[in-house]
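Given only the sequences and the hints, what does the whole structure look like? Please build it.
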Amino acid sequence: MTIRSKLILLYSGLLAVIIIVFGVMVFAVNRWVLVTSVDNTLAETADQVWKNSRAEEVRAFGEVSQIAIFLPRDLDFFAASGVVVQVWQLDNDGVEGTAPRLLQASTDLSTYSASLDEQALTVAAQGQSLSDGQVGNFYNTVHVNNRDWRVLTLPYEVRGWRIAIQAATSFDAVNSASQGLLVIMVVTTSIALVGSMLLGALLTDRVLMPIEAITRSAAQITAANDLKTRLDWDGPPDELGQLVSVFNATMERLEHLFSVQQRFVADVSHELRTPLTAIRGNFDLIKRYGMDAESLEAIEVEIARMSRLVNDLLLLARADYGGLHLNIQRFYLDTLVEEVLREARTLATERQLTIRMGDFTPVLVDADPDRVKQVLLNLASNAIKFTPDGGSITLSLTRTLTHAQVEVSDTGVGIEDENLRRIFDRFYQEDEARTRDTGEGAGLGLSIAHSIVEAHHGRIEVTSTLGKGTRFTVLLPHAETAQHSANTAVTRPRLAILRRGGASPESHVKQ
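Under our numbering, the first residue of the sequence shown carries the number 996, and numbering increases by one thereafter.
One or more hints might be untrue.
[As the list claims (entries may be wrong)] Per label pair, the in silico range of CB-to-CB distance:
(1) D1167 to I1206: 53 to 59 Å
(2) L1005 to L1226: 24 to 30 Å
(3) L1198 to L1226: 18 to 24 Å
(4) D1167 to E1039: 17 to 23 Å
(5) T1106 to V1019: 25 to 31 Å
(6) H1251 to H1320: 26 to 32 Å
(7) V1305 to R1351: 31 to 37 Å
[As the list claims (entries may be wrong)] Listed below are the simulated EDC-like cross-link pairs for lysine to aspartate or glutamate, each with C-alpha atoms no more than 16 Å apart in a straight line:
(8) K1368 to E1402
(9) K1463 to D1384
(10) K1368 to E1449
(11) K1223 to E1247
(12) K1046 to E1152
(13) K1463 to E1411
(14) K1001 to D1200
(15) K1463 to D1412
(16) K1223 to E1250
(17) K1368 to E1338
Don't read these hints as lab results, they were simulated from the structure. These numbers come from a predicted model, not from an experiment. All C-beta atoms in this analysis are idealised placements derived from N, C-alpha and C, irrespective of residue type, glycine included.
What follows is the structure, encoded as C-alpha cells:
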C-alpha cells in the first residue's frame, strides 16, 4: 500500500470515527430530550388529573365504610397535547389482592377496557403504602394496536384507598423524529466520508508533490549522472522545506565528492604515468644497448617515487575510513619542534635561507610523535620550496587555553586567495610549485598533514598574502601538566637527536 493510500485511509478513517462518535452522541441526546419531554407531559397531565379530583368519606352508622373519589367529569380536557388517560382502582372495595377496576377513561379509550400498561399496573397494585399521596411512578414503552405508546403509571394512596392514573401518548412522533435524524446522519456521514476521501486525495497529492519532485529529481540524477540538479522550494521552512534543504545540501556534497574523486583519479593516473613512462623508456634502452648503471639508477629513482606515492595514497585511504593508526604518547612538543628546525636547516643547506625559531613555549601533548613530526617537516619543506633565496622561515610554538599552537611562516611567493580553499586537496599544486618542483612531490603532502591533524582532533589553518609569504598554523589539544605530572610518565622524543648529535636532552629545552 502506498503512502498516499495510507494517508487517505487514515484521514478518512479518523474523520469517520469522529463523525460516528459525534452522531451517536447527538442521536442519544436528541432521543433523551424527546423522551424526557414526553415523560414530563405525561407527568403534568397525571398530576392535573389528580389535582382536579377529590375524595369524600362515605359513613354508614357513624363509621367510615368507604372513600368516594370524584374524578374530573371530562378527562378529554387533559388530552389537548394528545394524551389519553385511564384511572384505575387498585383495591376493589378496599380488599387487597383483587383485580384493578377501571374507574374512568378518555373518550378515545371508550372501547378499550384493557390497561394501557398491564405490567406496570400490576406492580403498582402490589406496591407497599408509604403515606397519603403519590407512592411511585412507572414509565414504560408498550406496543398497542400496532403503535408504540409511552405510558406513565402513577399510583396514589388516600386513607388506605389506592388508585392509579395511567397517562399515555403516542410514541410515533418520537420514533419518526429519531428515524429521520438517523437517516439524516447516515446520509450526512456517507457524504462526509466520500468528501473526506476526495479531499484527502487532493490534500495528499498537494502534500506529497514536493516528495514526488524529489523522487523525480533523484531518478533524473540516476539516469543522467547529473549531480548539478537542485530542487526549488518556495514554500515555508517546514518539514518538507527542511527535507528539500537537506537534499540539496546532500547533492552539493555528492557533487563535490564526485568531483574530487574524478580529479583524484585523473591526478593519480597523471602521477603514475610519468614514472611508468620513464621506467619503460629505460627498459627500452637496456634492451637495445644493454645494461648500464645510469638506466638502473633512473629506474630505481622512479620506483622509489612510485612507492612513496602508493604509501601516501594508502595513508590517506586509511585516514578516510578512520583506520589511521596513531601511537599516542605524552611528550613535550617543544623538543619535537627543535628537531624539525634542525632537519629543516639540513634540507636548506644548498639554499640561501634563514631558518630560525620564533616564540617558544614548552607544551605537553598527547599525540603520535612520528606523525606530528611528519606534519611539521612537510610544512617546513613546503616553506623551503616556495621561499626564494634571501628569504626567511620561522617556526614558533605557543600555548593557548586548550591547544598547543605551532606556526610555520615564510616570506615566500604566497598563495592566491582563490587557491587557499583548495590548498589541502589531494594532488593540488600551484603553478609556482610546479615550476620549482624537483620531481619528488605529488601534491599529497598537505592532504596528509591535514588528515593527520584531524586524526589528533586538532586543526590546521593557513593564511597567505601573495608575494609576501604564507603562515601555516597547527593546533593540537595539549595535556594538563599539573594534573598528570605526578602519576604519568612523560616522554621526550630525543632518540633521533641523540643518534645524530649525541647531545643531552636538557640542552634542547628552552625556557
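The hints, checked one at a time:
Roughly 57 Å separates the CB atoms of D1167 and I1206, a value that falls within the hinted 53 to 59 Å. The hinted window of 24 to 30 Å between L1005 and L1226 holds, with their beta carbons roughly 27 Å apart. At roughly 21 Å, the beta carbons of L1198 and L1226 sit within the given window of 18 to 24 Å. Between D1167 and E1039 the beta carbon distance is about 20 Å. The supplied range of 17 to 23 Å therefore holds.
In this structure the supplied range 25 to 31 Å is violated for T1106 paired with V1019, their Cβ-Cβ distance being about 42 Å. Checked against the given bound of 26 to 32 Å, the beta carbons of H1251 and H1320, roughly 28 Å apart, stay inside it. The hint said 31 to 37 Å for the Cβ distance between V1305 and R1351, and at roughly 36 Å that hint holds. At most 16 Å may separate the alpha-carbon atoms for a hinted pair to count; K1368 and E1402 meet this at roughly 13 Å.
Taking the CA atoms of K1463 and D1384, the gap is near 14 Å; set against the 16 Å cutoff, the hint holds. Of the pairs offered as hints, the one joining K1368 and E1449 holds, with about 15 Å between alpha carbons and a cut-off of 16 Å not exceeded. Taking the CA atoms of K1223 and E1247, the gap is about 7 Å. The hint holds against a cut of 16 Å. Between K1046 and E1152 the CA atoms are separated by roughly 13 Å; this keeps the pair inside 16 Å, and the hint holds.
The straight-line distance between the Cα atoms of K1463 and E1411 is roughly 11 Å, inside the 16 Å bound, and the hint therefore holds. In summary, the hint linking K1001 to D1200 is supported, as the alpha carbons are separated by about 12 Å, within the 16 Å threshold. Straight-line distance between C-alpha atoms of K1463 and D1412 comes to about 13 Å, which keeps the hinted pair within the 16 Å bound. A hinted pair counts as satisfied when its Cα atoms are at most 16 Å apart, and K1223 with E1250 qualifies at roughly 7 Å.
Between K1368 and E1338 the alpha-carbon distance is near 10 Å, which keeps this suggested pair within the 16 Å criterion.
Violated hint for the displayed structure: number 5, the only one.
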